[in-house]
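Position one of the sequence shown corresponds to residue 60 (my numbering), numbered consecutively onward.
Where hints are given, some of them may not hold.
Straight-line Cα separation of at most 20 Å, EDC-like style, residue types lysine to aspartate or glutamate; simulated pairs [what the hints assert, rightly or not]: (1) K127 x D242; (2) K127 x D291; (3) K283 x E272.
Hints were generated in silico from the structure; no laboratory data involved.
For clarity, every value in this text was computed on a predicted model and none was experimentally measured.
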Amino acid sequence: QEPFIHQELPEPAHEADAEPYAAAMQAMAEAPDVVAMPATAATEQTVVEPEPARSTLGEIDIERAAEKLISSGAARAIFVSPEGDEAAASAILVARKVADAGLRVLLLDLTASGAASRPMLDSGLFPGITNLLASEAQFSDVIHADLYSDCHVIPVGTADPVRAMRAADRLPIIMQSLTTAYDLVVVECGPADAQGIGRLTGDATEVFLSMLEADDEVTQAAVKLIENGYPDLTLVTPLGHEPPGNPVPGRRTAAA
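Construct the entire structure; sequences and hints are all you get.
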């Protein structure tokens with residue numbers, strides 16, 4: 060087998076060096092090859108590349124966000140996700156974490172796509188908030204059990220969203236009713252602005268901005284919320300956690 064590293068030895072510079080040089084070469088030829096490494100050894104060595112440092116804006120993780128809500132006694136947790144559907148995972152994970160601690164938790168999905176409720180119900184066909192606003196359903200028709208935790212959820216629903224939004228002024232009354240029935244109401248708002256979440260806030264409200272990357276879009280959204288009445292905004296990231304649609308093996312489900 061070829062040595063792993065082959066190095067040519069230099070020729071002696073002077074005749075006086077020839078004899079010891081020849082003797083050394085003879086000794087090397089006769090010595091057993093105990094240090095040669097087979098070429099295949101190179102493939103067995105794994106080089107671990109360091110992960111590039113990820114830029115942060117001081118965001119917290121899911122555990123700390125849940126602890127913050129529990130310790131503060133918050134009644135409402137409003138989540139804004141400027142990056143879209145993937146960032147909505149924060150609201151789901153935090154809601155489940157708080158529910159795991161024994162509190163009664165409901166998640167209200169106000170995204171256009173149902174990004175926060177689909178992973179909890181494995182479907183987008185359940186009646187939800189749009190049906191409630193459009194007077195097509197009652198509270199008991201739109202509250203469903205999360206398949207993978209003890210959390211409850213009101214999905215986006217199946218009614219015409221344009222018709223439903225004509226009754227958006229009912230949202231404060233709906234929120235008040237929900238906070239009476241639950242210890243914590245988590246609302247995923249998607250890429251909403253300060254004016255958009257105004258109808259949802261009340262006493263004991265915490266506002267979170269869910270983020271995946273510390274880019275300009277996230278920074279600008281955070282600054283606008285802070286400047287428009289939410290100086291205590293908390294940034295949270297779902298990175299490092301399992302996707303919210305995956306059940307935990309052996310876990311008792313709320314629907315069971």
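Going down the list of hints, with the structure as the test:
1. At most 20 Å may separate the alpha-carbon atoms for a hinted pair to count; K127 and D242 meet this at roughly 14 Å.
2. Distance check on the hinted pair: K127 and D291 sit about 12 Å apart at the alpha-carbon level, within 20 Å; holds.
3. A threshold of 20 Å between alpha carbons decides the hint, and for K283 with E272 the separation of about 17 Å falls inside it, so the pair holds.
Violation of the numbered hints given earlier is absent; every hint is satisfied by the structure.
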